[in-house]
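S.K.: Note that the protein sequences, when read in sequence, are chains A and B. Note that numbering that gives the first Met the number 0 has the first sequence beginning at 0, numbered continuously upward. Note that numbering that gives the first Met the number 0 has the second sequence beginning at 0, numbered continuously upward.
Just so you know, these hints were derived from the structure itself, not from any lab. Accuracy of the hints is not assured; some may be wrong.
[To be verified] Away from chain A, derived, C-beta distances all over 10 Å, residues of chain B: (1) 44; (2) 84; (3) 133; (4) 154; (5) 244.
[Unchecked claim] Think about it this way: if two alpha-carbon atoms lie no more than 20 Å apart in a straight line, the pair counts; the simulated EDC-like pairs of lysine to aspartate or glutamate are: (6) A:5 - A:134; (7) B:155 - B:233; (8) B:70 - A:124; (9) B:198 - A:48; (10) A:225 - A:121; (11) A:138 - A:228; (12) B:198 - B:153; (13) B:70 - A:51; (14) B:155 - B:230.
[Said to hold, decoys possible] Covered stretches of chain B, going by a simulated chain A footprint (3 or more residues, C-beta under 8 Å): (15) 61 to 70; (16) 117 to 126; (17) 203 to 215.
Here the structure is a predicted model, which is why all the values come from computation and not from measurement. Just so you know, even glycine gets a beta-carbon here, dropped at the ideal spot from N, CA and C.
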Amino acid sequence: MNKRPKPRHALSTRLWHWINAAALVVLFMSGLGISNAHRYLYWGNYGFDPADAWLSVIRFPAWATLPQRYNLAEARDWHSTGAWVFALALLGMWIAMLINRHFSRDIAAPLQKWSPASLLSEVRDHLKGRFSPDEAGAKYNTLQKLTYGVVLGVLLPLMILTGLAISPGIEPAAPWVVDALGGRQSARSIHFLCSWALFVFFVVHIVMVLLSGPINQTWSMIAGGKAPDANEPTGTAQ
Amino acid sequence: MTKIARRSLIACLAALGTGACSKIDGFASNETGSSLFDTAENWHRAVHRALAGRERLAPEYAPEDRSPAFKGNGSLTVDSDIYRDQLSRGFPDWRLSVRGLVDRPMRLSLSELEALPQRTQITRHDCVEGWSAIGEWTGPQLSTLLDAAKIRPEAKFIVFRCADVLYGRPYYESVDLVDAYHPQTIIAHQLNGDPIPEKNGAPLRMRIERQLGYKHAKYLTAIEAVASLDDIGDGKGGFWEDIGDYQWYAGI
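Whenever a hint applies, use it, and build me the whole structure from the sequences.
M.R.: Right under this line is the structure:
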């Protein structure tokens, strides 16, 4: 029998984490480059007049874009190549999460934890610098579960869906995607908003890793780490 | 220990970052980079074609869904006296050639094009820059002309020749036969019930509804059936493809 302890992070989780991180950096930076081509966002199906825009986006500086100068064609190449890696990896991660029960065991939170009082007390704990799992043997606390659930279940799939909706070659096959999102320009606006929501997640994620033992956290996302023990009291370093 | 590890990690990341940044700008032009990008583009096209087939239509809208105006972009006119003269007189002498790998080359006037069976469609125009406009286009289907000209079996692409010149080069575009024979691929002579305005490509403009705006060649003068795109322009299949490495398949 295999006596090796179960790792904290499954191999599929670790592989996906780093592939996804690399893909998101490429997609975000090339996306900023694409945004520079027409810096106005609209709702509905059409939109071309800056006077009708609900948002005038800033011109993103060259250091923030991919490539590191204005080149729409090349930014689009990076974007549509990175999209394959991102979408296939997310599909693989979802299949793995459902098979190895990472989702039901570690991310889905029991209903009583969703109560405002329970969430509020976790927020207070976070402000005091206590980020312990919500029960013995759990990997994450409820705020983490909620965040990972929203990122994996809402934001990342929405990036793919809105990206597909913007493609004129996909629309003839699946016009309902564009309709459901409220039109092509709405899909483009939602694509932009979700990408910045992911950027906010990225910043918070990095801050939380820095506050909770960055070397240990990063290494366990590479090598696997040690799974929490149900018999150990919560609040120990992970 | 921790401090050293952290410092070396940061140094490592920084080295990786600067190394990557200096390489990024050359990536698209080196062989690995451009073949990777081409592969991704081909996969997108293959998936789009598999999902939508040859016939699935781009969405068509109701008259009230049209945008109040239709933005002009790229070439906004043709800078020649002949064009200005023709524009002022309703293009009486404008001719559209159908040539190349066809058995019956043709030269058609605007009234001859208008006498063919017409298709009217209200579609959305998506520019590569990101904006969209909706307008009603009328004209004969390209398939009608290709059938009338008896396109030869060795023809694989249709090239669109244009009167406008940008950065010293004549504009042109091309599509494969799937898009050439798509029911919504028309040679438009009307936008929103009127002759096409100058900025939108008067008197003739291609509509390639399942792809981005730069495929929709304006100021159209000729339709040419060819077996290969290699000897046309710089061989990449279009004006923007040649000068800026834009994607030949613009369905993304």
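S.K.: Each hint should be assessed against the structure and marked as holding or not.
M.R.: Hint check results:
1. Consistency note on residue 44 of chain B: stated as away from chain A, yet its beta-carbon is not over 10 Å from all of that chain's, at 7 Å minimum.
2. The beta carbon of residue 84 of chain B sits about 31 Å from the closest Cβ of chain A, which is more than 10 Å, so the claim that it is off the interface holds.
3. Residue placement check: residue 133 of chain B does not keep its beta carbon more than 10 Å from all beta carbons of chain A (closest about 5 Å).
4. Under the 10 Å C-beta cut-off, the non-interface status given to residue 154 of chain B relative to chain A holds; the minimum distance is some 23 Å.
5. Not every CB of chain A is more than 10 Å from the CB of residue 244 of chain B (nearest about 5 Å), against its label as outside the interface.
6. Our distance criterion of 20 Å between C-alpha atoms is met by residue 5 of chain A and residue 134 of chain A, whose separation comes to about 19 Å.
7. Restraint check: the Cα-Cα separation between residue 155 of chain B and residue 233 of chain B comes to about 18 Å, which is no more than 20 Å; the hinted pair holds.
8. Straight-line distance between C-alpha atoms of residue 70 of chain B and residue 124 of chain A comes to about 54 Å, which puts the hinted pair past the 20 Å bound.
9. At most 20 Å may separate the alpha-carbon atoms for a hinted pair to count; residue 198 of chain B and residue 48 of chain A meet this at roughly 16 Å.
10. Note on residue 225 of chain A and residue 121 of chain A: the hinted pairing is violated, with a Cα-Cα distance of about 24 Å set against a maximum of 20 Å.
11. Only pairs whose Cα atoms come within 20 Å are accepted, and residue 138 of chain A paired with residue 228 of chain A is accepted, the gap being roughly 10 Å.
12. Under the criterion of a C-alpha separation no larger than 20 Å, the hint pairing residue 198 of chain B with residue 153 of chain B is inconsistent with the structure, at around 36 Å.
13. Distance restraint check for residue 70 of chain B and residue 51 of chain A: the Cα-Cα separation of roughly 13 Å lies within the 20 Å cut-off, and the hinted pair is therefore satisfied.
14. Restraint check: the Cα-Cα separation between residue 155 of chain B and residue 230 of chain B comes to about 14 Å, which is no more than 20 Å; the hinted pair holds.
15. Residues of the stretch 61 to 70 of chain B with a Cβ under 8 Å from some Cβ of chain A number 4, which satisfies the need for three, so the listed coverage holds.
16. For the stretch 117 to 126 of chain B, the stated coverage by chain A is satisfied: 3 residues place a CB nearer than 8 Å to a CB of that chain, which reaches the threshold of 3.
17. Here's how the stretch 203 to 215 of chain B fares: 4 of its residues keep a CB closer than 8 Å to some CB of chain A, so the rule of at least three is met and the hint holds.
Hints 1, 3, 5, 8, 10 and 12 from the list above are not met by this structure, while the remaining hints are.
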